[in-house]
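The task is simple: from the sequences and hints, build the whole structure.
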Amino acid sequence: MMIERQNRRQRVLIITLIIICVLLVTVYSRESKDGLFHRLQRFSMDVISPLQKGMSKILSPVKDGIGFVVDMGRARGERDSLKEQVEELKGQVDELEDLRRQNEMLRKMVQVKESNPQFDLLVVDVIGGNPDIWEQTIQIGAGYDDGLQEYMAVLSEDGSLVGRVIVCTAKASIVQLITDEKSSIGARLQQNAEMGIVKGEGGGGVKLELLNQDAEVNEGDVVLTSGMGGTCPAGIPIGTITEISERRADLSIGIRIEPRARLTRLEKVMVVLSPPPSAAPIEAKGGN
Amino acid sequence: MHRRLTFFVVLMLALLVQLTVAPEVSIGSVKPDVLLVTILCWALFQGPAQGALFGFFGGLLEDIFSTAVLGVSAFAKTLLGYFCGEFQQRIISKSVVWPMIIVFCGSILGELIRFATWAMVGLENRPPFSLGLVMGFALYNALFTLLVYPIISRFAAREEKAMMFQ
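Those protein sequence lines, which keep their order, are chains A and B. Under this note's numbering, the letters of the first sequence match residues 1 to 288, in that order. Under this note's numbering, the letters of the second sequence match residues 1 to 166, in that order.
Calculated directly from the structure, the hints in this document are not laboratory data. Keep in mind that the hints are not guaranteed to be accurate.
Computed beta-carbon distance windows for the label pairs [stated by the list, open to error]:
hint, chain 1, residue 1, chain 2, residue 2, range
1, A, GLN85, B, GLN89, 53 to 63 Å
2, B, ARG4, A, MET72, 40 to 50 Å
3, B, ALA116, A, VAL86, 42 to 52 Å
4, B, VAL9, A, GLU78, 41 to 51 Å
Glycine is no exception: its CB is placed at the ideal position from the N, C-alpha and C atoms.
See the structure below:
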């Protein structure tokens with residue numbers, strides 16, 4: 001009986017309180033900004049604001065502490081995000097650097113094309129090297145379909161001799177580098193037009209064998225293609241003489257050449273489509 | 001008389017803390033509702049009638065000391081205080097985990113009631129509902145229960161002792 005009465009009283013209480021709340025909400029919503037409740041709110045805020053100000057000052061270290069902890073969390077998140085951005089930007093920088101390099105290379109190639117109007121040059125991508133350590137060759141991404149044929153001369157981005165096409169398929173070709181032991185190309189000295197043959201030594205070296213053993217030759221002399229043999233057009237730079245050794249037993253002198261083309265860093269090359277080769281190359285023979 | 005005094009003291013303390021301390025310990029835009037935590041803890045010790053009364057007066061004072069629509073907080077907190085008091089008779093455990101769970105759920109419910117009331121009143125410029133914000137708010141309140149619950153428990157024990165001597 002007692003509990004029932006208590007329950008009833010509770011129910012009455014809650015209903016009364018809810019009705020009061022609803023009435024308050026209704027009256028407040030309908031009254032103007034200068035109504036009683038609005039003014040009461042403004043007055044209360046005036047009363048409490050000094051207290052809030054004081055408490056704000058007292059609790060500022062706590063606030064700072066919380067801010068610090070929150071900032072730490074945020075900073076960690078920002079750090080991770082920045083790290084990701086840095087990685088992304090690094091990738092973009094690498095990409096841009098690559099593009100810049102390619103652009104520079106193509107610009108050089110255009111210059112070579114413009115300064116050699118007698119040549120019909122085709123820019124081709126280098127698509128691979130030779131896995132065989134005994135052969136100094138590269139594979140390029142053009143073949144018969146693109147107008148290539150065997151023995152055509154191949155130039156680097158700056159117009160220096162790289163080598164010669166030795167195998168040609170429909171879509172790809174193999175270029176024998178001037179450093180290959182089987183490579184031999186007719187050459188002449190720029191200074192005095194003394195003729196000779198440039199032969200590969202394998203392992204990155206190139207030597208010059210002069211026809212006239214008494215010809216005047218000096219270190220730093222530039223070696224060009226002679227056009228003899230009919231494979232490479234005349235006047236293409238091959239390299240610079242870096243070493244002249246003493247006369248050997250056969251009275252010949254050993255002349256080493258530093259190839260001008262950077263043969264280990266080829267990305268694009270130019271194939272001389274015209275004038276086309278008129279004969280098969282001179283076969284290199286072993287021995288010094 | 002003693003009970004009314006305790007009621008008044010706890011209510012005023014909670015209101016003061018809510019108005020002055022809570023904004024200072026906000027994390028981002030989430031600040032604790034110390035008053036709500038106190039109301040729910042009070043209701044857990046004193047039952048539904050006391051819970052409803054505490055909720056009503058606490059909410060009303062909060063409304064008066066803010067620019068919110070008068071009566072909305074009072075309405076939400078009255079309902080929460082009442083139903084939380086009803087829970088008191090069903091919970092036997094003395095662990096603080098239960099009050100934390102109740103405060104967590106009560107905080108979410110309170111915000112839903114508040115939004116529903118605003119919608120019913122047709123309040124313009126009401127903020128967009130953010131579940132993340134409400135969850136953060138409920139979690140912060142639940143953590144605050146660890147501080148508030150033992151204090152209310154002490155007040156309740158003192159009051160019980162006073163009643164026994166009477």
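Now for the hints, and whether the structure bears them out:
1. A/GLN85 <-> B/GLN89: 53 to 63 Å: At 57 Å between Cβs, range holds.
2. B/ARG4 <-> A/MET72: 40 to 50 Å: holds, 46 Å
3. B/ALA116 <-> A/VAL86: 42 to 52 Å: holds, 47 Å
4. B/VAL9 <-> A/GLU78: 41 to 51 Å: holds, 45 Å
When each numbered hint is compared with the structure, no violation occurs for any of them.
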